[in-house]
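Top line first, the protein sequences correspond to chains A and B. For the first sequence, the numbering used here gives the first residue as 181, with consecutive numbering after it. For the second sequence, the numbering used here gives the first residue as 59, with consecutive numbering after it.
Source of the hints: derived by calculation from the structure; they are not laboratory data. Watch out, some of these pointers could steer you wrong.
Stated by the list, open to error - As a list, the in silico DSS-like pairs of lysine-lysine whose alpha-carbon atoms are at most 30 Å apart:
#, chain 1, residue 1, chain 2, residue 2
1, A, K699, A, K709
2, A, K643, A, K511
3, B, K199, B, K223
4, B, K259, B, K161
5, B, K129, B, K141
6, A, K604, A, K326
7, B, K259, A, K707
8, A, K445, A, K467
9, A, K699, B, K223
10, B, K125, A, K702
11, A, K258, A, K646
12, B, K256, B, K165
13, B, K129, A, K699
14, B, K125, A, K699
15, B, K125, B, K61
16, B, K129, A, K702
17, A, K376, A, K511
18, A, K643, A, K669
19, A, K702, B, K78
20, A, K368, A, K490
21, A, K699, B, K78
22, A, K699, A, K258
23, A, K707, A, K258
24, B, K60, B, K259
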Amino acid sequence: MKKTINILIALIMAAGLVSCNNGGDQKSKKGGQGGLATNAAERVYVAPGEHDEFYGFMSGGFSGQLGVYGLPSGRLLKVLPVFSQNPENGWGYSEETKPMLNTSYGFVPWDDSHHPDISQTNGVLDGRWIFINGNNTPRIARIGLKSFKTEEIIEIPNSAGNHSSSFITENTEYVVAGTRFSVPVPQKDMSINEYKGNFKGALTFINVDQETGRMGIKFQLMMPGFNYDLSHPGRDKSHGWFFFTTYNTEEAHSLLEVNASQNDKDFIAAVNWKVIEEYVNNGGGTKVPANYAHNILDEHTHTATSTMLKEVLTVNPMDVPGAVYFLPTPKSPHGCDVDPTGEYIIGNGKLSADLTVHSFTKMLDAIENKKFDGEAYGIPILNFEDILAGVVKQPGLGPLHTEFDGNGNAYTTFFISSEVVKWKVGTWEVLDRQPVFYSVGHGMIPGGNSRKPFGKYFVALNKITKDRYLPTGPELTQSAQLFDITGDKMELLLDFPTIGEPHYAAAIPAELVAPNSTKIFKLAENKHKYAVLQDSDVRVERDGKDVHIYMNMIRSHFNPDNIEGVKVGDKVYFHITNHEQDFDVPHGFAVIGANNAELLIMPGATETLLWEPKQVGVWPFYCTDFCSALHQEMQGYIRVSPADSNIELSWSLGED
Amino acid sequence: MKKAGIIMIIGSLLLLGLFKFPLWNIMLGAPQYPDPLGMDIYIEGIQGVEEFDIQNIDGLNHYIGMKTIPKVEDMWEFSVFPKVIGAMVALGVLIGILGFLGKVSYKWFLGWFVLMSVLGILGMYDFNLWLIDYGTDLDPKAIMKLENLDGTPMTYKPPLLGYQKMLNFDVDSWPGTGAYMIFVGMILTVVAFFVGKKEYKKSKA
Chain A
181 MKKTINILIA
191 LIMAAGLVSC
201 NNGGDQKSKK
211 GGQGGLATNA
221 AERVYVAPGE
231 HDEFYGFMSG
241 GFSGQLGVYG
251 LPSGRLLKVL
261 PVFSQNPENG
271 WGYSEETKPM
281 LNTSYGFVPW
291 DDSHHPDISQ
301 TNGVLDGRWI
311 FINGNNTPRI
321 ARIGLKSFKT
331 EEIIEIPNSA
341 GNHSSSFITE
351 NTEYVVAGTR
361 FSVPVPQKDM
371 SINEYKGNFK
381 GALTFINVDQ
391 ETGRMGIKFQ
401 LMMPGFNYDL
411 SHPGRDKSHG
421 WFFFTTYNTE
431 EAHSLLEVNA
441 SQNDKDFIAA
451 VNWKVIEEYV
461 NNGGGTKVPA
471 NYAHNILDEH
481 THTATSTMLK
491 EVLTVNPMDV
501 PGAVYFLPTP
511 KSPHGCDVDP
521 TGEYIIGNGK
531 LSADLTVHSF
541 TKMLDAIENK
551 KFDGEAYGIP
561 ILNFEDILAG
571 VVKQPGLGPL
581 HTEFDGNGNA
591 YTTFFISSEV
601 VKWKVGTWEV
611 LDRQPVFYSV
621 GHGMIPGGNS
631 RKPFGKYFVA
641 LNKITKDRYL
651 PTGPELTQSA
661 QLFDITGDKM
671 ELLLDFPTIG
681 EPHYAAAIPA
691 ELVAPNSTKI
701 FKLAENKHKY
711 AVLQDSDVRV
721 ERDGKDVHIY
731 MNMIRSHFNP
741 DNIEGVKVGD
751 KVYFHITNHE
761 QDFDVPHGFA
771 VIGANNAELL
781 IMPGATETLL
791 WEPKQVGVWP
801 FYCTDFCSAL
811 HQEMQGYIRV
821 SPADSNIELS
831 WSLGED
Chain B
59 MKKAGIIMII
69 GSLLLLGLFK
79 FPLWNIMLGA
89 PQYPDPLGMD
99 IYIEGIQGVE
109 EFDIQNIDGL
119 NHYIGMKTIP
129 KVEDMWEFSV
139 FPKVIGAMVA
149 LGVLIGILGF
159 LGKVSYKWFL
169 GWFVLMSVLG
179 ILGMYDFNLW
189 LIDYGTDLDP
199 KAIMKLENLD
209 GTPMTYKPPL
219 LGYQKMLNFD
229 VDSWPGTGAY
239 MIFVGMILTV
249 VAFFVGKKEY
259 KKSKA
């Protein structure tokens, strides 16, 4: 009897093993888990102390930030503040970082960040910088991938809804910022009814200094008043061109969901930026008055400066023959994607039943032979049939975006039917489809935006999670889903929650970034105006109602730790320098009643917090970042006297 | 004694390595220091293995009341040792040349070796004294006052040679490149002695 049971158990176990081995083949079956690969946990498991293979940078969407995740584990490593204030570390609250959020509208502490893109050299990811757009108050930010800090933000004038950005050319020559909303240029008080023919869509080309990464607007192409939705640089053979999808070629200005969806075809605007660049270098274009902020964080002063620029060079496409063409594309195309060879331009018509793929070669041929099908605002429209490379027939509902694996396969996300569809570039044959949970927007393959994708994983960036996680009230997390795409069929391995909206993402092999990561800022290179590099320079100075406290900090004390002589109504500036020169030892600074945030000061850096005491008393300040065994003792007091008191400024450390 | 003289000269010159390479190395690793902190001890001063190691070691040591790592001007050794080594190199080379020319006996080679050994032992003794002082003369206001199981105050003298666990730190103390160069150099002077002896006997025969 016992023996029989043992045999039975053995049989069951063997069956279990077999089913484990076959698990991968069963994944396409419908079901709540979408056929999760059976050994998925193993394949995303990164053991304690081990590192992930890829950095995944996922936009924070309406959080205005950029999330850094490890792939394949899906672990959140860091939230990088970009366009939104971040009280966690004082970004946008400290005196040094406030200028980063300056714009022509004044201080704008929030944005809607959508499309991160990593810098490239020869069409291959190089890990120097990552760029991301702010939609609402049009801006482009550059984040250095050594310090993982937002180092620069440039505002885009004449633009609104900076959506078709921040995509970059294959040597990081340009970052583009295309406007989703056309607006009057220059802005003026006019009737919205006069939209048609009067509003303009600016496509902004920002050049990037290859040494410093510094950005500057090279030119703005002033296009007809359509909505410029997404964009993609040409690469390899199509390097030198940039493609922008449009919708609302109807130029409607009201109830766009109906009125902008009437035309059977909208356009992909093909822009030959090399031709325009040459035109501009030869003195072409018109300088027009503008007002936009250019904000730079200096790594040695640890301080941002904001400069208002007053002029921008605009280019009328009519003035540069051969620079811009329209490729008719069904229907309200959203994503605009170019395959790694640069030959195929995929227009994902979100209201179309099919996927339209244009051929770059055919496009050039049609241009050469002047096979035009009319024009729009003087811009030649090419003939749809002449440039068509192929159609992926009825792949799903609501195609949005396409990425490539580097092996000739494309992966398109379908918002309405909530799925990812894998198809073959060239044959247009659907190879596989997998459900996603739910309402996928962009998908991302590491390097999928380059000539050399690292086609191991596909990440679906989903808008809705409904039943996927424990409910957290009416507001649920959004999520990313990781697929293994090394086999014939995609295999779902993991889904993980993300900050804000994971709108789009970019990923890069960790080995291209991790070895360069900054460990400390050298104190000796700290050129901050208010830095205290030596203990002997610690002091407190009064300038009218402004009190400047020059302080430093090291485990486990502030110097000075007792300050007297401050009065109600003063503006107290704590300028604090972290004297640590040890990796991963920032110190925090918080003072009671501060109306802004804390500071989190990196080793070797200086930051300033403004504190305006309103009440008489003796008020504590302390370190917020658990720094050592004596972290709790890392504190001090500041005495606040009545406004009319005549107590002299004094400060001390370590006196009994 | 040509061959012996040359070996003697090479052996003495190897001591010059001390001006370039560390004599000793002490590494301090701990769970929160996966990349250990380290100091290289040169005859002319102490340097961190990485740029900020000394500052970070001092930062840690202040919890238990240890003095900061001495700067060049804080220890007479750092001005005297280079002179002693320089003198010994000069002396060794001189003896070597004289031996090469047959002006002095091969026994001088051994004499140099014995003198150098005595100086070396004195140096190690001095180094150990410094380690003892550094590890036991603690600030009475130290933040952490730890005792051994028998109730005596804990001391923090790093090992003169080898490995020791000290609180949360793994301490390794080993000779550096410079020490190996002296070692090889001194062996060579002994070799010079024997080669010289052989050459002397051959010339007699």
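Exercise. Against the structure, test the hints numbered earlier, and report the numbers of the ones violated in rising order.
Key: 6, 7, 8 and 15
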